[in-house]
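Construct all of the structure, not just a fragment, from the sequences and the given hints.
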Amino acid sequence: MVERSINLNNLDKELLISLFTDVIRLRKFEDKVYQLFLKGELPGTIHQYQGQEAVAVGVCTALNKTDWITSTHRPHGHAIAKGVSMRSAMAELYGKETGCCKGKGGSMHLGDPEVGMLPAIAIVAGGVSIVTGVGLAFKMKNTKQVAACFFGEGATNEGAFHEGLNLAAVQKLPIIYVCENNIYGASTAYNKTTLVENVADRVSSYGMASKIVDGMNVVEVYKAVKEARDAIANGSGPILIEAKTYRFAGHSRGDAKKYRTKEEEDYWRTLDPIDRMKDSLIENNLIDNETFALIVKNIQEEIDDAVVFAQQSPFPKVEDAFIDAYASDMSSPTEVQK
Amino acid sequence: MTTRRIGIGEAIREAIAEEMQRDENVFLIGEDIGIPGGFGGAFGVYLGLPEKFGHERIIDTPISEKAIIGTSVGAALMGMRPIPDLQYSDFIFECMDEIVNQAAKMRYMSGGKLKVPLTLRCPVGTANRGAQHGQSPESYFIHVPGLKVVCPSDAYVAKGVMKSAIRDDDPVIVFEHKLLYGSKGRESAGGMDLTAEVPEEEYLFPIGKALKKRDGNSLTIISTHLTLYRCLAAAEDLKNEGIECEVIDPVSLLPLDTKTIYDSVNKTGKALIAHEDTFTGGWGAEVAALISQNCFSKLKAPVQRIAAYDVPLPVTPILEQTVVPSIERIKEKIIQLHKMELK
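Sequence order for the protein chains is W and L. Position 81 (the first sequence) corresponds to 81 in our numbering; numbering is contiguous. Position 85 (the second sequence) corresponds to 85 in our numbering; numbering is contiguous.
Derived contacts from chain W toward chain L, CB cut-off under 10 Å, selection only: (1) 102; (2) 104; (3) 121; (4) 123; (5) 129; (6) 132; (7) 164; (8) 326; (9) 329.
None of these hints come from the bench; they were simulated from the model. No residue lacks a Cβ here, since even glycine has one placed at the ideal position from N, Cα and C.
Now the structure itself:
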């Protein structure tokens, strides 16, 4: 059983409030996205992040601005935490021209190179092979940047996981592998597919370091990444951090979660990263209810503004379908295909 | 301009060395490419390069095709210009996700904010190595928007187009025929001279431009790699029978230089596409459809194709040479097409 109260580790008040605020930002953003999706405003499908917010916020806050991340089919939280504005993320979910991928990426490919995030890679473990190259480029150019790669425990049975981690270890690449172990790959529990109890246990076969953290505790995630980052940037070799977490939402829209018990869900609800952090901050006299209400109000305004921005933005022009496939000149495919 | 005769292997080595010299972001990554005392890649193309450029830029990897291409894609996204190596093109199926889902789509998914300048070399072609070391899989990749596919068949084109590929901001797959690498290939390729005059001075050959290898008015042949040489030999043999074949090397399959092809077919009225890749769904089918769609009023006969038969590649020479297009089979097809007239 996890200790519910959060050890704030004498971290700076401003930092603690920022971590707390971002965890709420991710939650409220996702809650709004869910409503908009049910209203039929967003095309496609969505994979939501409620419950796992402490991981994205802890990791991205501990990284430098110039560090990069890769993400998965469940990228909304990673994007907001890394610095994609809510306006540009929401517009992308609406399929608008002002979205961070000009409407071509959508929910599953949310990301923005301008804030150090590749378009999210929606093939399970796809990011694990790509991030190796991001790290290799940093190493070859000696930039002292780090890449963090988010993936779920389900990705660890993919070939790309083993090939990618092994190569990164052997090349001592500046990469932090962040496994968000939320127990389920879609509807299938980790222990039905894998006999090794912890993902972290698997990486000793690559000679790689690892650490297990409470993924519902933003301070613990932040500290683990902060402690690892600088040594990794200087060539100590990659690390895998396994964050034990839980998605409160279903796998994707339409998942009734019948494969999970109520008892299990109730247990993880007691570890809600927002409530735990709020209680700990209040216990330590770092916020009061009034401040909390103000934080939530500001976030609500940011979200409302993002929704209006997205709704009022134009859709891409029809001709835009034919650009961006190539960087160099290629005759429009429609010439022969019309 | 000073020139000398060299084979494709040497031409590609020169292209890579020149581009590595020119741009420090260019690097090689793959299996067995730089190990001291090793082979310099499966076909010796990289011999001498590690001594010149060091092991920081010639990176030997585990046998991990997904990681090699994934790493190349990631590095390309960060501004490097990787040249990954997978040894045999047959091994490309180990990393289809990294090529098709990642390399080809990253730019589009990002709304044009990213680019993926990587050049993947893939040796194709049967050489008594059987079903898993002799395929010509280039056709799979012309089906993938976001990729470019080139098939150099002589040393001049190989050097120039390899340099263009390395400088290109999109992912380019360069398919080379392993029997065309150098003098060793000459015997197994039927004693044909496969070297070409290559300038000492720097030059580029553009991606997307075809080459006319032979002039003629009777019919147009479009072919690449070793089959191209067999077509040229067949054309030479049939000259005495009054059949004048025009032979075109498309060089680049994606993008395809349709103008050169249409101009020729509009002149001759007949077209034959020949390749070592298998028949059904091979790139010849695409070219045949394009010709039918765009040159229909000038066609005097149905567009013909000749390709490897739709079976896996056998090893024993008598079976292998039955499966892939031989000079004899090509000649029969040419004669057949020459006689055809639409009524």
